[in-house]
Structure formats: C-alpha cells, structure tokens
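Work out the full structure: start from the sequences and follow the hints.
Going down the list, the protein sequences come from chains A and B. For the first sequence, my numbering assigns the number 348 to the last residue and increments by one with no breaks. For the second sequence, my numbering assigns the number 404 to the last residue and increments by one with no breaks.
Treat the hints with care, as some may be off.
What the hints assert, rightly or not - Cross-link-like lysine to aspartate or glutamate pairs, in silico, DMTMM-like; alpha carbons within 25 Å at most:
1. Lys132/B - Asp142/A
2. Lys53/A - Asp304/B
3. Lys143/A - Glu255/A
4. Lys132/B - Glu148/A
5. Lys142/B - Glu255/A
6. Lys142/B - Glu148/A
7. Lys53/A - Glu291/B
8. Lys132/B - Asp251/A
9. Lys190/B - Asp170/B
10. Lys132/B - Glu242/A
Treat the hints as calculated values from the structure; they're not laboratory data. Bear in mind that the values here come from a model prediction, so they are computed numbers and not experimental data.
Residues per chain, in single letters:
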Amino acid sequence: MFRRVKHWGPGLLLLAPTIILVGVFVYWLMFENFRVSLTNQHTAKPSNKYVGFENYTNLMADPNFQHSLWNLLILTVVFLAGTLFFGFLWAWILDKPAKGEGFFRAVYLFPMAVSFIASGVVWRWLLSSLQTDQSGGERTTGLNRLLDSVGLGFAQNDWWSNPTWGIAAIGVPAVWQLSGYVMALFLAGFRGIPEELREAARIDGCSEWKLYRHVIFPQLNPVMLSAVIIIGHMSLKLFDLIRAIVPDANTYDVQVPATMMWVKYIGSDYADAAAIGMILLVLVALVVIPYLMYTSRAEKR
Amino acid sequence: MATSILDRAIPDGTAESPAGAPNKGRRRINRTLKYALLLFFVIVILIPAYVLFITSFKGPSDADPSRAWLLPQSWETAGWAKAWTTLAPALGRTFLLVIPAALISAMLGSINGYVLSKWRFPGANVVFTLILFGMFIPYQAVMIPLTQLMSDLGVPQGIPSLLVLHIVYGLPICTLIFRNYYESVPSELIEAARMDGAGILRTYASVIFPLSAPGFVVVLIWQFTSAWNDYLFASFFSSGRNGPVTIALSFLAGGQLTDYAASMAGALIASVPTLIVYILLGKYFVGGLMSGSVKG
Numbered sequence: 048m049f050r051r052v053k054h055w056g057p058g059l060l061l062l063a064p065t066i067i068l069v070g071v072f073v074y075w076l077m078f079e080n081f082r083v084s085l086t087n088q089h090t091a092k093p094s095n096k097y098v099g100f101e102n103y104t105n106l107m108a109d110p111n112f113q114h115s116l117w118n119l120l121i122l123t124v125v126f127l128a129g130t131l132f133f134g135f136l137w138a139w140i141l142d143k144p145a146k147g148e149g150f151f152r153a154v155y156l157f158p159m160a161v162s163f164i165a166s167g168v169v170w171r172w173l174l175s176s177l178q179t180d181q182s183g184g185e186r187t188t189g190l191n192r193l194l195d196s197v198g199l200g201f202a203q204n205d206w207w208s209n210p211t212w213g214i215a216a217i218g219v220p221a222v223w224q225l226s227g228y229v230m231a232l233f234l235a236g237f238r239g240i241p242e243e244l245r246e247a248a249r250i251d252g253c254s255e256w257k258l259y260r261h262v263i264f265p266q267l268n269p270v271m272l273s274a275v276i277i278i279g280h281m282s283l284k285l286f287d288l289i290r291a292i293v294p295d296a297n298t299y300d301v302q303v304p305a306t307m308m309w310v311k312y313i314g315s316d317y318a319d320a321a322a323i324g325m326i327l328l329v330l331v332a333l334v335v336i337p338y339l340m341y342t343s344r345a346e347k348r
Numbered sequence: 109m110a111t112s113i114l115d116r117a118i119p120d121g122t123a124e125s126p127a128g129a130p131n132k133g134r135r136r137i138n139r140t141l142k143y144a145l146l147l148f149f150v151i152v153i154l155i156p157a158y159v160l161f162i163t164s165f166k167g168p169s170d171a172d173p174s175r176a177w178l179l180p181q182s183w184e185t186a187g188w189a190k191a192w193t194t195l196a197p198a199l200g201r202t203f204l205l206v207i208p209a210a211l212i213s214a215m216l217g218s219i220n221g222y223v224l225s226k227w228r229f230p231g232a233n234v235v236f237t238l239i240l241f242g243m244f245i246p247y248q249a250v251m252i253p254l255t256q257l258m259s260d261l262g263v264p265q266g267i268p269s270l271l272v273l274h275i276v277y278g279l280p281i282c283t284l285i286f287r288n289y290y291e292s293v294p295s296e297l298i299e300a301a302r303m304d305g306a307g308i309l310r311t312y313a314s315v316i317f318p319l320s321a322p323g324f325v326v327v328l329i330w331q332f333t334s335a336w337n338d339y340l341f342a343s344f345f346s347s348g349r350n351g352p353v354t355i356a357l358s359f360l361a362g363g364q365l366t367d368y369a370a371s372m373a374g375a376l377i378a379s380v381p382t383l384i385v386y387i388l389l390g391k392y393f394v395g396g397l398m399s400g401s402v403k404g
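Rendered as structure tokens:
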C-alpha cells in the first residue's frame, strides 16, 4: 500500500493545484450559483431568504423567457444546419485532390480567428433591416442593398428585427464564422478513411453513391457527433455575437437566455440571473455529459 | 516539429484513383464546376472583410449607404487614426493579459497532461473527465458567485481579474491537448527514466518537457486566441477604462452616432494579432481546434 502511494502520490500532488482550482471555480461555484438561484436576492442588497424553485417557475411562466428559449432553439437549428451543410460541402469538394487546396482551406477557416465582437461590427451593418421599398432606395445598406443591386430585391428582409424569426439572422454570421471549423473536422474525417477501403468497395462494384452511403458516411459519424456537440454547446452559450450586432442587450427580438442573464445581472437581479445560468447549465449538460461518457468509454476499448 | 498536428489530422489528398474514372470531357466539366464553386465560396467568405476594409478608408460623406459597396472616392485614414488612438491603450493591456495567461495555463496544462497520461493514479480517468467538463460549462452558470468570489479574494477588476479567469478556465483545454499529445509519447521512455531512478519532476524535465514543443505551440496559440477574443468575462470583470480590446472595440462601435470608418478600422486593428497568429501558424491553429472545443 505504502509503495503504491509513493508511486502515484507525487502525480496527485502535481495535479493538486488544478484539482483545487477546478474544484473551486467550476464545481463549488456551480453549487453556489444553484444556492443563489434558490434565494430571493433580486436586488443589490444581499438577501438569503430561500424561496425554493420559485425563481425557476416564475422564469418558465415569463413570456420573455419563453421567447428566449424559442430563440435559442431556432438559433441552434440554424447554426447547426448551416455549419454542418457548408462544412460538409467544402470538405467533400476539397477531399478529392484540388490545386490550391491550402489556399481554399485557409480562406474558409480564417473567420474562426476573428472575435465575434470584431466580426459583429461589420455584420451589424450587413444585417441592417432598411429595405429599398421603405426608404426610396438610397438609404438601404448592407446585404439588402447588395441583394437589390444584383436584382434579388425580393429577397430583402428585416434580418434580426423580426420578433419570431429574427434570431435566425444571427445564425448567418455564426455560420460564416464556424463553417470552416466544421470543414476542418470533416476533412480530417475523410482523410482518415483508408484508400484501400474505397478501392475494395469500388472493386466490389459499388457505385459512387453506394460507396458514400455504406462506406464513407458511417465512418464520418464520430466526426459528425463532435461537430454537433461543439457547435451545439457554442450556440447555447452564444453571447458576444448578439451583443455585437444588436445594440441594446434587452432587445426582445433576439433575446436568448445568455443575453437575458446579462440583463438580469445589470439590473442586480442576482437570483434570476443565477437561475438562468442553471437552466443553461442543464441544457449544456444534457448534450455534453452523454458525449463525455461515450468518448471515455470509446477510449477504453 | 516537421509534422504538425494538422498534417497528421488532415493529410493532403491522395492521388486520384484511375478506377471508374469518367471520360475526359465530363471530368473537365466537373473540375470547372468544382473550382467555380470553390471560388464562389471564397468570395462569399471574403465579403465582410471587403466591407470592413473599404469602409475603414472612407471619409464621413463617403460612408453614405448608397455607395456602401463601392470603393472609397478618396482613401482617407482619419478612421484609422481615431480607432488607433481609442484602442491603443486597450491593445497594450490585452497583450499584458493574454501572454502571461497563455504561458501559465500552458505550463500547468503540460504538467497535468503528463501526470494524466504517464503517471496515472487510481481514478485518473474520472478526475480527467471532471476537469474536462469545465471546458463545456456555460460560464453564465458560475458568473454570479464568481463576481462575488473575485471581490472576496480582493482581485482588482480589469486585467488582474481576467488573468486569473483565463488561466483557471483555460486549464481544461490545455490539459486535454497535452494529455492527448503525450499519449503518443512512448511509455518506454518514461520507464527507462524511472529505472534510472528519476522521479516524477526529473522525468518531466529531462524527458517530457524537451519533447513538448509542438504541444506548447498548439496550446499557446489556442489560449492566446481565445483570451484575446474573449468578451464574456471581459464584460463582467472590466470596464471601458481597464478592459481589454474587445471591450474598447464594443464601445467604439456601439455608440448611437457610430463613426463607421473608425469602428471598422477598429475591428481590423483588434483582429490583427490573431490573424497574424493564424497566418504564420495556421497549421497548428487548426491542430488546436481539432484537439478540443471552443472556449467562450
């Protein structure tokens, strides 16, 4: 026993700072946050009266919060569908050898290096809701103006200034920013499939479609899963892009739980802010914990 | 370091297989179509960059919406000058924040990765998974007590607070990247060092650390970029006067009477450091993306 402790004790000691820091800053704070979310601390004045799950039931009954959940759903669907579609398409085109592959790869990936705050500056302008018919043409800006000038004027729209679907417009820059990342994941997936496997399928008389259907797609499933987890959990947490594009944090049209949490925090409603944080945590955990269990099991095998 | 993580992750396309090749004419059409598509997407991706660039050089009268997509009538630099004077102090603060944050969390991550892959103890996998979960948590779920904790600890707002936070919340991903990296280091090397009587630190210093350069490159790029681009922590733990560049930029761009030329120039200035990293070290940058998820 003593020899074994002597063997792994030093390792544990080296890991101790991280275990303590993560223990405090992640797990203890999550617990603390849960505790605050059960109190009635709705003003800057400290208060520790416990009200049970009242804050949660109030939030769930609040039409604004319901709307923010709806927005979150749409945003996540657009973000996922868009990045998976473009990411897969680009990877698929680039999978077969192409001249200048490095160049295309670099261009598709570069938005990833830029912060949402910086890209938000230009997207705010591109997603301006002014339309030609409302403004006599001259004042239109951004994508609406571009659409008009290339003869696609009918495709102009309000972008994010629509209470029901406006949030989908926030998905546009999000997709712009991260499709390249999903492409890189898929590209790695494609390149990980041994050429012999394709050859064997071709010799067996597989058509190209069948080759994809039965050989290549199944091999890409793990990549697809990582992309869904990563993009999905980013979408749940998305805050800076919305803040950069929409000037007022409390804009109903594009309110999501992450921005609503900020509004509550600014208004010193700490109990509600903490409760929103907990709800986000549960949503993320529902996605991530099965994934972490799956990967750690897969690793053991 | 000759083979980067990306090269391993994305080998270049293999030679075209002759089997089942369609006839030459169709192949040419296919190829033309393919490059047309690739170029089309390059244009789409670069549209925002084009707008940022041209608008940043426009004068006040030129920033008229009717000319929004056209090149500047005369190339003005007033926007750049204004953006630079506004952002310069914040840029300095951000470097002071990001460089030590990246170095410290990388160092800790390297030690963690080493222990978790080569000096394992009972329950190491559980500990690793618990650390890893810290990478995925929405920071909104710790933010309220975190603001309290940081003020209880007496860490000043602004750069000192952000330094602590980027180090702490960077630990999970740094640990993950290094652990995965060290998995590829043969365990025999460790055993040999152990046989020679080297302890855990000695083995790290003389065997593992010298092999770690590629891991450090990936982690440092990753931490540099995500700390540089962070806005969430910055907005909770700093203000315009002591905040990093993302905060300064949001003030520059967020006013009611936005100076378009200045805010677009500011967005470009604020992106230069990460873009330089991306251009110079692009391969490793993607390696970092591959090995983990995304902070923020």
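#### Entry: Index of numbered hints that the structure contradicts, given in increasing order
none
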